[in-house]
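Going down the list, the sequences are from chains A, B, C and D.
Going by our numbering, the first residue of the first sequence is number 1, and it counts up by one from there.
Going by our numbering, the first residue of the second sequence is number 1, and it counts up by one from there.
Going by our numbering, the first residue of the third sequence is number 1, and it counts up by one from there.
Going by our numbering, the first residue of the fourth sequence is number 1, and it counts up by one from there.
Keep in mind the hints are simulated off the structure, nothing from the lab.
Be a bit skeptical, because a hint or two may be false.
Heads up, the list lumps identical chains together, so a pair's fine if it works in one copy or across two of them.
Derived SDA-like pairs (lysine to any residue); straight-line CA-CA distance at most 25 Å [unchecked claim]:
no.: 1; residue 1: 89; residue 2: 102
no.: 2; residue 1: 89; residue 2: 11
no.: 3; residue 1: 89; residue 2: 70
no.: 4; residue 1: 89; residue 2: 69
no.: 5; residue 1: 89; residue 2: 10
no.: 6; residue 1: 89; residue 2: 17
no.: 7; residue 1: 89; residue 2: 100
Predicted, not measured: the structure shown is a model, and the values here were computed from it.
There are 4 protein chains.
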Amino acid sequence: MTEFARTIFDSQSFSTFVGARLEHVGPDSAEISVDIRSELQQQHGFAHGGVISYLADNSLTFAGGLALGGDALTAEFKINYLRPGRGTKLLARAHTVSTGSRQAVCQSLIYSIDDTGIETLCAVAQGTIVTTAGRRGESA
Amino acid sequence: MTEFARTIFDSQSFSTFVGARLEHVGPDSAEISVDIRSELQQQHGFAHGGVISYLADNSLTFAGGLALGGDALTAEFKINYLRPGRGTKLLARAHTVSTGSRQAVCQSLIYSIDDTGIETLCAVAQGTIVTTAGRRGESA
Amino acid sequence: MTEFARTIFDSQSFSTFVGARLEHVGPDSAEISVDIRSELQQQHGFAHGGVISYLADNSLTFAGGLALGGDALTAEFKINYLRPGRGTKLLARAHTVSTGSRQAVCQSLIYSIDDTGIETLCAVAQGTIVTTAGRRGESA
Amino acid sequence: MTEFARTIFDSQSFSTFVGARLEHVGPDSAEISVDIRSELQQQHGFAHGGVISYLADNSLTFAGGLALGGDALTAEFKINYLRPGRGTKLLARAHTVSTGSRQAVCQSLIYSIDDTGIETLCAVAQGTIVTTAGRRGESA
Numbered sequence: 001m002t003e004f005a006r007t008i009f010d011s012q013s014f015s016t017f018v019g020a021r022l023e024h025v026g027p028d029s030a031e032i033s034v035d036i037r038s039e040l041q042q043q044h045g046f047a048h049g050g051v052i053s054y055l056a057d058n059s060l061t062f063a064g065g066l067a068l069g070g071d072a073l074t075a076e077f078k079i080n081y082l083r084p085g086r087g088t089k090l091l092a093r094a095h096t097v098s099t100g101s102r103q104a105v106c107q108s109l110i111y112s113i114d115d116t117g118i119e120t121l122c123a124v125a126q127g128t129i130v131t132t133a134g135r136r137g138e139s140a
Numbered sequence: 001m002t003e004f005a006r007t008i009f010d011s012q013s014f015s016t017f018v019g020a021r022l023e024h025v026g027p028d029s030a031e032i033s034v035d036i037r038s039e040l041q042q043q044h045g046f047a048h049g050g051v052i053s054y055l056a057d058n059s060l061t062f063a064g065g066l067a068l069g070g071d072a073l074t075a076e077f078k079i080n081y082l083r084p085g086r087g088t089k090l091l092a093r094a095h096t097v098s099t100g101s102r103q104a105v106c107q108s109l110i111y112s113i114d115d116t117g118i119e120t121l122c123a124v125a126q127g128t129i130v131t132t133a134g135r136r137g138e139s140a
Numbered sequence: 001m002t003e004f005a006r007t008i009f010d011s012q013s014f015s016t017f018v019g020a021r022l023e024h025v026g027p028d029s030a031e032i033s034v035d036i037r038s039e040l041q042q043q044h045g046f047a048h049g050g051v052i053s054y055l056a057d058n059s060l061t062f063a064g065g066l067a068l069g070g071d072a073l074t075a076e077f078k079i080n081y082l083r084p085g086r087g088t089k090l091l092a093r094a095h096t097v098s099t100g101s102r103q104a105v106c107q108s109l110i111y112s113i114d115d116t117g118i119e120t121l122c123a124v125a126q127g128t129i130v131t132t133a134g135r136r137g138e139s140a
Numbered sequence: 001m002t003e004f005a006r007t008i009f010d011s012q013s014f015s016t017f018v019g020a021r022l023e024h025v026g027p028d029s030a031e032i033s034v035d036i037r038s039e040l041q042q043q044h045g046f047a048h049g050g051v052i053s054y055l056a057d058n059s060l061t062f063a064g065g066l067a068l069g070g071d072a073l074t075a076e077f078k079i080n081y082l083r084p085g086r087g088t089k090l091l092a093r094a095h096t097v098s099t100g101s102r103q104a105v106c107q108s109l110i111y112s113i114d115d116t117g118i119e120t121l122c123a124v125a126q127g128t129i130v131t132t133a134g135r136r137g138e139s140a
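For reference, chain A alone in the conformation it holds in the complex:
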């Protein structure tokens, strides 16, 4: 599944465009990071909320997909922004809370990391991931 996950990730042109990296995959978890370069900022110089929600969405998709054992999509998620996305890097750590035959519920913690490596929690997300066989719609 690790190789499968990387193949999927590498075929997401938006992930490449944003500059995201699939840092780690586990049996039901995934970590995705991105450097906060100027193209990813909003009007105050912090990472744009859309970048943070991309990390939430995609880390949830991969954590759930790994738990479900195949290609998967985010059906829905919710995110609370806690602090500005400042620093040099964002890292989303997602894990699966519950797995069924066709869907998984996952949570993701999104951290900003400064140049000394200090992590600050900047958002938390929770959502439902479904196997692509189980749903006509899709998200990621």
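Starting from the known structure of chain A, fit chains B, C and D onto it as the hints suggest.
Here is chains B, C and D on its own, set in the frame of chain A:
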């Protein structure tokens, strides 16, 4: 406020990077669109969920900010993906459901549009927007 | 389906306990009300958030179940509270935004109504309803 | 704060009506339980989703209120139902993820417990709690 909204939008480097356009602003509503070019796709050739969630997040921010009368941030939102983001363009239409002194609750409908102009609802979102004065955190 | 919906509703002992009424059902919509009697209040004398979230959950379930054509369950939902649940009655109006073969996405508007009949929007909710055949879990 | 929390809880007539108990409070956490008696069931004999969402809402309110140091209200929350609420008892364990001056973001895990004491996770929730000073609306 219209000019202020456009100035804010133009200063969001991520919005420029993604290729988004602030199509319309009203007293408590906003429309943002983006062309579905190849950089914005996922592994199946549809718009990546992260692009759709960016549109949700940012359209909510602008709708709420216009209702609140100033610079604003998305505190939290929830999105349900309904159908794949196919076609040539995505358009998010957000409006404000309720406005207080410091926060607004808004909803956004995100459509995909094909080359004949037919619109298909592909996601719905709901979230809380706060004035920047009212919150230390931020999102967009 | 109308009769089926009423039969289901009448077999929900919690709905009876709370004093809720299934006011109206349509092809993909439902309205549920409850009188704000003292047992349903919180520490400030308003309707407890749990009563409002019950109305959100259950109105979403019935709207989605009617759209899906059978017994259904709320898989997840999100609610924003807007104003205190004051007055004599609460009324939730839920409709279906999108229907698939096994799940529907619905929204609900929850109003408080005073003794002169004036309605005030006090909460908005959005969630996913699944057919009982399509999911091992359940909620309502 | 522990005594304050208990006083608030005891003045919630809906909590008394449902039969809920404030089992535990910490500096930024709270546990609330309820016995699954027949009045709290839905059409399949499980705990109604509205009971589970009440536990989510109220445990989030108390966890956040304790973190914020005063009377508080749930501004919004999201819940994913994972499994039926079967067994003899439901227990919600909520903790605070992030605290600001006026609002806290909290998560709650809701378990069903059978007569041998075995706990099964049946729902997860995430939401925003605000001090009553900071918001005109309210929920719990």
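Results of checking the hints against the structure:
In the homo-oligomer, the alpha carbons of residue 89 and residue 102 never lie at most 25 Å apart, since the shortest distance is 33 Å inside one protomer and 28 Å across protomers. Taking identical chains as interchangeable, the C-alpha atoms of residue 89 and residue 11 lie at most 25 Å apart whether they share a chain (22 Å) or sit on different chains (21 Å). For a Cα distance limit of 25 Å, the shortest separation of residue 89 from residue 70 qualifies neither inside one copy, at 29 Å, nor across copies, at 29 Å. For a Cα distance limit of 25 Å, the shortest separation of residue 89 from residue 69 qualifies neither inside one copy, at 29 Å, nor across copies, at 32 Å.
For the homomeric pair residue 89 and residue 10, the shortest alpha-carbon distances inside one copy (20 Å) and between copies (23 Å) are both at most 25 Å. For the homomeric pair residue 89 and residue 17, the shortest alpha-carbon distances inside one copy (16 Å) and between copies (18 Å) are both at most 25 Å. Within a single copy, residue 89 and residue 100 get their C-alpha atoms only as close as 33 Å, which misses the 25 Å cut-off; across copies the closest is 23 Å, which meets it.
The structure shown violates the earlier hints numbered 1, 3 and 4.
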